[in-house]
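Number of protein chains: 4
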Amino acid sequence: MNIGRFAQNLVDSIADAGEKFIDLKMFRGSSTQFLLQLCTDLISHKGVASGLALAREVVNRYSVLSMAEKLTFLMEVNKKMGPNLEEIKVVATKYVKEPSEGNLEKLTQNIQSCRRKLFSRMIMAPNGTQAIVSLREDLLGFLQTNPELRAMDNDLKTLLTSWFNPGFLILKKIDWDTEASILEKIIEYEAVHDIGNWNDLKKRLMADRRCFAYFHPSLEDEPLIFVEVALTKGITGSIQSIISEDSNINDEGNTAIFYSINNCQRGLRKIPLGNFLIKTVVKEIASELPAIKKYSTLSPIPGFAVWLLNELSKQNSEFISEKEREILKIVNEKNWHADTKKCKRLKKPLVKACANYLLNVKKFEKPINSVAKFHFGNGAQLYRINWMGNTSAHGISESFGLMVNYLYDLKQIESNHEAYVQDGTLAISKTIRSVLK
Amino acid sequence: MNIGRFAQNLVDSIADAGEKFIDLKMFRGSSTQFLLQLCTDLISHKGVASGLALAREVVNRYSVLSMAEKLTFLMEVNKKMGPNLEEIKVVATKYVKEPSEGNLEKLTQNIQSCRRKLFSRMIMAPNGTQAIVSLREDLLGFLQTNPELRAMDNDLKTLLTSWFNPGFLILKKIDWDTEASILEKIIEYEAVHDIGNWNDLKKRLMADRRCFAYFHPSLEDEPLIFVEVALTKGITGSIQSIISEDSNINDEGNTAIFYSINNCQRGLRKIPLGNFLIKTVVKEIASELPAIKKYSTLSPIPGFAVWLLNELSKQNSEFISEKEREILKIVNEKNWHADTKKCKRLKKPLVKACANYLLNVKKFEKPINSVAKFHFGNGAQLYRINWMGNTSAHGISESFGLMVNYLYDLKQIESNHEAYVQDGTLAISKTIRSVLK
Amino acid sequence: MNIGRFAQNLVDSIADAGEKFIDLKMFRGSSTQFLLQLCTDLISHKGVASGLALAREVVNRYSVLSMAEKLTFLMEVNKKMGPNLEEIKVVATKYVKEPSEGNLEKLTQNIQSCRRKLFSRMIMAPNGTQAIVSLREDLLGFLQTNPELRAMDNDLKTLLTSWFNPGFLILKKIDWDTEASILEKIIEYEAVHDIGNWNDLKKRLMADRRCFAYFHPSLEDEPLIFVEVALTKGITGSIQSIISEDSNINDEGNTAIFYSINNCQRGLRKIPLGNFLIKTVVKEIASELPAIKKYSTLSPIPGFAVWLLNELSKQNSEFISEKEREILKIVNEKNWHADTKKCKRLKKPLVKACANYLLNVKKFEKPINSVAKFHFGNGAQLYRINWMGNTSAHGISESFGLMVNYLYDLKQIESNHEAYVQDGTLAISKTIRSVLK
Amino acid sequence: MNIGRFAQNLVDSIADAGEKFIDLKMFRGSSTQFLLQLCTDLISHKGVASGLALAREVVNRYSVLSMAEKLTFLMEVNKKMGPNLEEIKVVATKYVKEPSEGNLEKLTQNIQSCRRKLFSRMIMAPNGTQAIVSLREDLLGFLQTNPELRAMDNDLKTLLTSWFNPGFLILKKIDWDTEASILEKIIEYEAVHDIGNWNDLKKRLMADRRCFAYFHPSLEDEPLIFVEVALTKGITGSIQSIISEDSNINDEGNTAIFYSINNCQRGLRKIPLGNFLIKTVVKEIASELPAIKKYSTLSPIPGFAVWLLNELSKQNSEFISEKEREILKIVNEKNWHADTKKCKRLKKPLVKACANYLLNVKKFEKPINSVAKFHFGNGAQLYRINWMGNTSAHGISESFGLMVNYLYDLKQIESNHEAYVQDGTLAISKTIRSVLK
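Protein chains in written order, with numbering that gives the first Met the number 0: chain A, 0 to 436; chain B, 0 to 436; chain C, 0 to 436; chain D, 0 to 436.
Think of the hints as simulated: they come from the structure by calculation, not from any bench. Values in this document were obtained by computation on a predicted structure and should not be read as measured data. All C-beta atoms, glycine included, are put in the ideal place defined by N, C-alpha and C. Don't take every hint at face value.
Across the chosen pairs, the derived CB separations fall in these ranges [as the list claims (entries may be wrong)]:
{"#": "1", "chain 1": "B", "residue 1": "D193", "chain 2": "D", "residue 2": "L288", "range": "32 to 42 Å"}
{"#": "2", "chain 1": "A", "residue 1": "D176", "chain 2": "C", "residue 2": "A206", "range": "18 to 28 Å"}
{"#": "3", "chain 1": "A", "residue 1": "L435", "chain 2": "C", "residue 2": "A206", "range": "52 to 62 Å"}
{"#": "4", "chain 1": "B", "residue 1": "L142", "chain 2": "A", "residue 2": "K96", "range": "22 to 32 Å"}
{"#": "5", "chain 1": "A", "residue 1": "D176", "chain 2": "C", "residue 2": "K341", "range": "45 to 55 Å"}
{"#": "6", "chain 1": "D", "residue 1": "L288", "chain 2": "B", "residue 2": "L84", "range": "54 to 64 Å"}
{"#": "7", "chain 1": "A", "residue 1": "N309", "chain 2": "C", "residue 2": "A392", "range": "51 to 61 Å"}
{"#": "8", "chain 1": "C", "residue 1": "K172", "chain 2": "D", "residue 2": "E85", "range": "50 to 60 Å"}
{"#": "9", "chain 1": "A", "residue 1": "Q32", "chain 2": "C", "residue 2": "A206", "range": "27 to 37 Å"}
Using the sequences plus the hints, can you model the full thing?
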């Protein structure tokens, strides 16, 4: 039994002991009302052991609610355990009158919502960390239709950012000697390039591949984010050469291709986990395999097809000339990609349009394409746009078969990153530069 | 190499990579000014990798400051990176005018001091957790003479309470198969009953003993708090029978005596770690050793001698009668404890005075004696006051040789705890009740 | 990296160092002659490091031989490195003249074949243990057509019995947290009831199942033998209820059914590994799951159909009456098992014939059925013969659908075992006794 | 609980189960007679589980015998379970008449003594491996006065050599993170240069040191042999600079000095364990610390003083000239080593005599000095004899303060080894060559 589970079992035992105290008969009403009452008790309660039993009770009872009940419950918590605006007003007024450190501290204490306290106590329950992450997943699902829950999500985000501090994360190598229970999750969570079955997975863990994942000590069997790497000769531009063909163990590989990065926990959305991952893995590979000299991604371009079709439907496009538009319209034709002639015509303007999309189409002054934004933010360079990089049906429909290499050049990664952060400069290769001309 | 160190090394490597970017020549002035400038950069900097290098730089440079420089530095950080009272006033005023959720969020964001951001970034450095704990130890040392630092300590306390959430702590059994590097720290941190050397330690880890410690995943070789347990026949009242004599492996032990609880990290003072420890260890022993039926502490009474001597020096004492005072004065005589007659006279009134001290001398409505407060708060019962429980010089001078058993009765622990929390009731045994009559 | 591989890598490094010394150019001739020359060198050589390099060379070169070359090579080794009959005659003659301890020692030393020395040195190579086990697998394959190799196999068997001493074996629990590389082998080695794929495997490792395997420290990722257990309510007689249906987690299981035992290494045939396994697993389950009160197998009856058809074809059978024979002939009809009437007629005489087969058909005074012999030898009782215990095509053709429960009754296991060893008594239940009447 | 102990406990449980069967009342007579009867039962018994219980009984009862009883018991086993000389004579006669493979196999089987069977069964007991090693330690102690036990020791040696095959040994790094229970044994087993206490040990495990030990999987907490290494600048000639002074962490170390090699288990004498150790550790250090370029021992010269004093007392010495003898006699004077003038005169002839002792004084054509023989046999070169290499009282009395460096030059280690094995050539440095002139 590993130490984590040992600890978990103990927490369970203490909760058992505490349970005897809670008089469950006292609670009345519907299951959400009941749960709310338990929550109120949990945050008002000053005790430790009974608190633990209550925390477990809350976590367990929440987990069996229907989605409708969960929404009702979260709306109630959001409202009832949110900050008391009137009380805060009183303290804030005092502060405004006399803006001292002392009054600030009082204000700070008053401003803390009970929701935070609730979550901070729930996480102490057996499997509490998992429960909180799941709760946030539910919450994120409700946000769009219930924007008032955003306040509660802010609370959760603040707490999770602290609890999932990068200093606490643990990097593990995933290979064929990894526990099946974790590998099963890798299969499940792979969303970029599906892993069909265990044989497929085994191929991705062979000697010419690497896979690394981040874990949190309190969620020990749950990968948070993982990256798949292929060791190739040169910077590969075709995803099919990596995932479809028989894996060729390539003893002469000199390049590490990051071809799939996956966030596993929907409940941790917007909690920064991935920033370190690529750089950490680069260091790890560099120390294990001195023969690897280059590091690059092979990345999808989600949104490119949608954007281009939209541009083509407009009267004018700031990114596409009339001449280009005429050619690009070919993408509306059926099976254009099977027609060599059409492909030949399309190639140049399509790649150029893609470069424009990645570099010049922005939102809040950052690239609108999330993958591009992520890698530029990490200090990578837009290195190459690959024609027919992904010939699968999904690849054709998502980005007309194009895929992108973002290069992680260890010598320039920091200056690229700085230039990006300071004045939004996007690092591009000579190849890309010539594409844009 | 264990996984934690592996991760640490990687963090180091990334920091190395980032370092190239930081232009250390840009910094001028004294070492504290230099450090302050680095800190400003660390919190303003939006980057990740360079931020990590900066974090390491800040952590390393802080660690080599003299105590005087540390104080200067902390005072500066406290002031410069504290909340901006005027800015907050503006936002608070807006809120007072219109106390909406939206305005509250703005207020909340403004209220966050840069100090918190600084600490949250420092902890990402290699060994950052250890560095933050050390920094707080320094800070606590400065508090008394520099009370204005309390604001900063509140920030740190909030962060540490979140980072050291009980759900993240790991319980480990400490025995003779534990790494020497950790055992060495057990010797060092034992403050209640000194461990003289490794033979002494080995005795405390033999088959009739148990030792458990809490660890944090990011401080993996550093025990946070540990408890030493002796398995005895009946509830022992003499600490010498446990620590001075040759350890007798007692196969018929039916009682677990918690005879030493030690907080290891001064930098974690007031961060609640110990509340779970005893109950967790009780559960652990119960499952390993079904023959153990009773759980009790054998605890010191720090402050009793000081308090009693003070009471005796007063004209009137609400806790001691005139008749008792006459006898109790014997404790002022040299070597009274070696005189059987004096002892015989002293015993009854001294034990009674001690019971009064533990139960009736209060501060903020709780027992003034911190050990008593801790165990009552945990749901224990004051079970027995032991005459000549600690005959060492220290025991005589601290508490006139008295020691206390606090009983952890699994059936009453929760109700005791509740009664204590709800209305301050202190659980006492029949024996103690009769002492007080 | 685990310690075993660490050690293996080191062995490899030393072999590398030694290799420089071996002058491979000196060797001439065909690959088997070459290999023989290396072997001669390996056993004559007094060195250690060069010996290690030689051992690796021998192991590697053997592994790439064709089967025909392997046979040639083993025949040569058998002959050339076998005992020198004439030399031994000289020493034996001396002993016969003067049968002293001294002369016996000389005889003993002379009698040791060079083959043993060769194998003892080969096993020191990197992965040497695996290599020797594989070599024996080859050897066993050649035995039938080349009975002279039996002498060599006797040498190997003696050595392997010593190296795989039960005291060195390690029992490991196999579950869904086991490394995929080991689970893959479980799928591969399962020969009794095929595991179709990973989902099928996962079902067999769920909460109502157990799986245990023996490992050898020098073959750490290779299970030697494993057993699969189902926790059921009562003694199940149908294998389909265990392996075909959806696994029902049965919290009220009171019986452990051993439904599959597999030897994994053909090269370890006749090296006793399994004798301890069942009893060890019984103890392990008993300590983990106190609710489990009964232990039984659900075992196949290989050979029963063949035997019965043969008996039916004879004029007279000592085990089957004329009346029974008439009914039993039904088994020659197509699809008899789908015909309720035929089944009804068959059941009684078929079960009786099976009991006779298991108990009374013997070879060297032991049951001819190897599964029966194994369990009787372990102290088990023939508990029940199950009609339609295995309704798969294989089950019908192997044993007309019958399966057997052998009961491991902890109280009788030793006396059964003793009675079996002492005078060949087979333990049977009342049910079986009544079947035989 | 580690897996080894887990396995051990299970073995214990099975033995418990078997115990019920053994009718201990049947045994009569003295404890050694009783034990002998148990042994007879153990080897005749065909059972497994009862056999295990018997094995445990034998192991336990043997361990509590007095030394006198142990001797009696071993003498009896030696005699009664030794080979049956008359029976063997019969089979040997048959073989002599017809020296066929078939008759040889019969002879081989008859020749196997029951003693081997006994030990092979005893090792299956819980802690059986430890028990057999201890028994051999006892046996070795009795050998000198009871030479007839040598036959039995030969049996044991053969078995232990197989069980402790180098392919099964595991190398572990010993450092300050090692379990205290193992470190305690390092302190205990260090026989070359005493480790005074835990602080002393810690010094020897600091960053500028290395320590490695071999373990056997069935004796997992017992080091078999270990080596201590210091990382120094250049080839140190003074042991005091390594063990007496404050350890100076030497970041610029370019040399690994093997300054202490210790066999831990007296019961494994003459079982080859150390041959691989040094070369394995050299490889390990080379891969961890590329800065280390040279590997050398700093070794004692046990027997040198005794030999020299003896030579000086003879009329003629083939190793010492008359002139040298005159000077060398100084070593008979008290405190000669504190007298600079005497030292100055002695240095040259003493070093020369030592070189002669190490290189030219032989037994069975090998150096009589066991340390020299060990390192020459490993392929090392006699590199330097160090004046005042060990100034401790022990060093002065054992070898007049001299110590020796044996150099492990990776490029020459194999050729040295070969030359030594083939024709007894001893590798020496230029320095030594010039000393001998």
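Here is how each hint holds up against the structure:
1. D193(B) to L288(D): 32 to 42 Å: Holds, since D193(B) and L288(D) (Cβ atoms, about 39 Å apart) stay within the stated range.
2. D176(A) to A206(C): 18 to 28 Å: holds (24 Å)
3. L435(A) to A206(C): 52 to 62 Å: For A206(C) against L435(A), whose Cβ atoms are near 59 Å apart, the range 52 to 62 Å holds.
4. L142(B) to K96(A): 22 to 32 Å: 28 Å Cβ-Cβ, so the 22 to 32 Å window holds.
5. D176(A) to K341(C): 45 to 55 Å: Holds: the Cβ-Cβ distance is about 52 Å, inside 45 to 55 Å.
6. L288(D) to L84(B): 54 to 64 Å: With a Cβ separation near 56 Å, L288(D) and L84(B) satisfy 54 to 64 Å, so the hint holds.
7. N309(A) to A392(C): 51 to 61 Å: Taking Cβ atoms as reference, N309(A) and A392(C) lie about 60 Å apart, which means the hint holds.
8. K172(C) to E85(D): 50 to 60 Å: holds (52 Å)
9. Q32(A) to A206(C): 27 to 37 Å: holds (34 Å)
Of the hints listed earlier, there is not a single one the structure fails to meet.
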